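2 protein chains.
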Amino acid sequence: MLTTRRTIRRYTSRDIEPELLNRLFSEAARTQTMGNLQLYSVIVTRSSEGKAALAPSHFNQPMVTQAPVVVTVCADFRRTTTWANCRKGNPGYDNLLSFMNAASDALLFTQTFCNLAEDAGLGLCYLGTTIYSPQAIIDALHLPKLVFPVATLTVGWPAETPPLTDRLPIESFVHEETYHDPSPEDINRFYAAKEALPENKEFVRINKTETLAQIFTDIRYTRKDNELLSRTFYDALCHQGFIK
Amino acid sequence: MLTTRRTIRRYTSRDIEPELLNRLFSEAARTQTMGNLQLYSVIVTRSSEGKAALAPSHFNQPMVTQAPVVVTVCADFRRTTTWANCRKGNPGYDNLLSFMNAASDALLFTQTFCNLAEDAGLGLCYLGTTIYSPQAIIDALHLPKLVFPVATLTVGWPAETPPLTDRLPIESFVHEETYHDPSPEDINRFYAAKEALPENKEFVRINKTETLAQIFTDIRYTRKDNELLSRTFYDALCHQGFIK
Numbered sequence: 001m002l003t004t005r006r007t008i009r010r011y012t013s014r015d016i017e018p019e020l021l022n023r024l025f026s027e028a029a030r031t032q033t034m035g036n037l038q039l040y041s042v043i044v045t046r047s048s049e050g051k052a053a054l055a056p057s058h059f060n061q062p063m064v065t066q067a068p069v070v071v072t073v074c075a076d077f078r079r080t081t082t083w084a085n086c087r088k089g090n091p092g093y094d095n096l097l098s099f100m101n102a103a104s105d106a107l108l109f110t111q112t113f114c115n116l117a118e119d120a121g122l123g124l125c126y127l128g129t130t131i132y133s134p135q136a137i138i139d140a141l142h143l144p145k146l147v148f149p150v151a152t153l154t155v156g157w158p159a160e161t162p163p164l165t166d167r168l169p170i171e172s173f174v175h176e177e178t179y180h181d182p183s184p185e186d187i188n189r190f191y192a193a194k195e196a197l198p199e200n201k202e203f204v205r206i207n208k209t210e211t212l213a214q215i216f217t218d219i220r221y222t223r224k225d226n227e228l229l230s231r232t233f234y235d236a237l238c239h240q241g242f243i244k
Numbered sequence: 001m002l003t004t005r006r007t008i009r010r011y012t013s014r015d016i017e018p019e020l021l022n023r024l025f026s027e028a029a030r031t032q033t034m035g036n037l038q039l040y041s042v043i044v045t046r047s048s049e050g051k052a053a054l055a056p057s058h059f060n061q062p063m064v065t066q067a068p069v070v071v072t073v074c075a076d077f078r079r080t081t082t083w084a085n086c087r088k089g090n091p092g093y094d095n096l097l098s099f100m101n102a103a104s105d106a107l108l109f110t111q112t113f114c115n116l117a118e119d120a121g122l123g124l125c126y127l128g129t130t131i132y133s134p135q136a137i138i139d140a141l142h143l144p145k146l147v148f149p150v151a152t153l154t155v156g157w158p159a160e161t162p163p164l165t166d167r168l169p170i171e172s173f174v175h176e177e178t179y180h181d182p183s184p185e186d187i188n189r190f191y192a193a194k195e196a197l198p199e200n201k202e203f204v205r206i207n208k209t210e211t212l213a214q215i216f217t218d219i220r221y222t223r224k225d226n227e228l229l230s231r232t233f234y235d236a237l238c239h240q241g242f243i244k
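Residue numbers (my numbering), protein chains in the order written: chain A, 1 to 244; chain B, 1 to 244.
For reference, chain A alone in the conformation it holds in the complex (with noise of 0.2 Å):
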């Protein structure tokens, strides 16, 4: 199955049964965590009003507000926090340690219930968007200090079945004992592949850019926003506790 996923961005009118995305939540939940204390959460939005409220948060892409299911997985200390509070337990969680600890649980339950949805015939498409605009998501999901978003998933059945996209050899990410820090001649090896593809031949020409690399340095994910967002970002650990 996995060799032929792509990301699923348009979805029929039928829903997503309960029943279904519970079951698939549950399996998803055996997927380790620290201490086995399964730091995250999951807001389950169904309402029209909900999706309309999450959208601008996702530069309002179509999927948000036409997914019969939007899912967005926070890194939470909230629960654990309170259940200690209520056993005479002293939590120490509102620090970037924890944070990280919370966010890496969230998202590797992210990707176990991406890999069991898709199997039971699900289309997804993972938000990116989701860290560039967390005080929103906070603001829409009422999300109290020590929860924090880190994925979106826009979720219902596939009514599209678009080209597999590239991806670059392993020898270009994998790595036998040590980082071998990639050469002009191994970056050559690296992308040759994926810059002689026509549909990214076709990306370069309608972005008016000289080379591929440069439609996601100077027009997608450029310094000026990266700065920005960096900031943003920061803010929002702050105003959720995780930083002081």
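Quick caveat, the hints were computed from the structure, so don't treat them as lab data. Since the model is a prediction, treat every value here as computed from it, not as a measurement. Be aware that a few hints might be false.
Copies of one chain are not kept apart here, so a pair can be met inside one copy or by any two copies together.
Straight line, CA to CA, 30 Å or less: simulated BS3-like cross-link-like pairs of lysine-lysine [to be verified]:
no., residue 1, residue 2
1, LYS145, LYS194
2, LYS244, LYS145
3, LYS194, LYS208
4, LYS208, LYS88
5, LYS194, LYS88
6, LYS244, LYS224
7, LYS145, LYS88
8, LYS244, LYS88
9, LYS145, LYS224
10, LYS88, LYS224
11, LYS201, LYS224
12, LYS201, LYS88
13, LYS194, LYS224
14, LYS224, LYS208
Chain B: place on chain A using the hints.
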């Protein structure tokens, strides 16, 4: 398969064929990533010297030296930055948001690899210690700037079948539409089964605490340790160029 998954810490002496490992890495690379940039790299440690160099970072847990293979997955903006520099791009990924983008890609890739490896019959242990001592791992694996370790797996053929561990009921982590902040009564309901398990009662007895939660807050993941490790994590992010 997933419904019976367990962490495996003891392995047979059988090696893992490089072809199998590479096939699993290759399939795991079908996982979605930011802009299809694949912002991760994998370091495969098979040598005794390599494992010995990593062991202290993981509190000398015996799996690290006893497993045939140790896999360290890194958030990696280095390769993409070098590609951009070779192609007249202007990369700007030396910031916190870019670290989170790459860490997300790396963790999602890690979990698909885990699911595939377990499906192939391999046993895994996920080492959460990776982000506790990142600098020592950076040194051992010769990681350059913009490469940061986020997950470590010990991998081998299982030599044990430990009992399944418990999980919280899904109502504790799945929220409809907005976050439902758990009340003390909710906490009692969510944690009752976990607290009643004989193995957890025994865990409380040997740790000489009054409650199960206290083991986590007062012994294993204390405020003092979390605050100290938050600083070493932050320092390592600066050292690797993700924070200025």
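Exercise for the section: Please flag the earlier hints that this structure goes against, numbers listed from lowest up. Expected result: none
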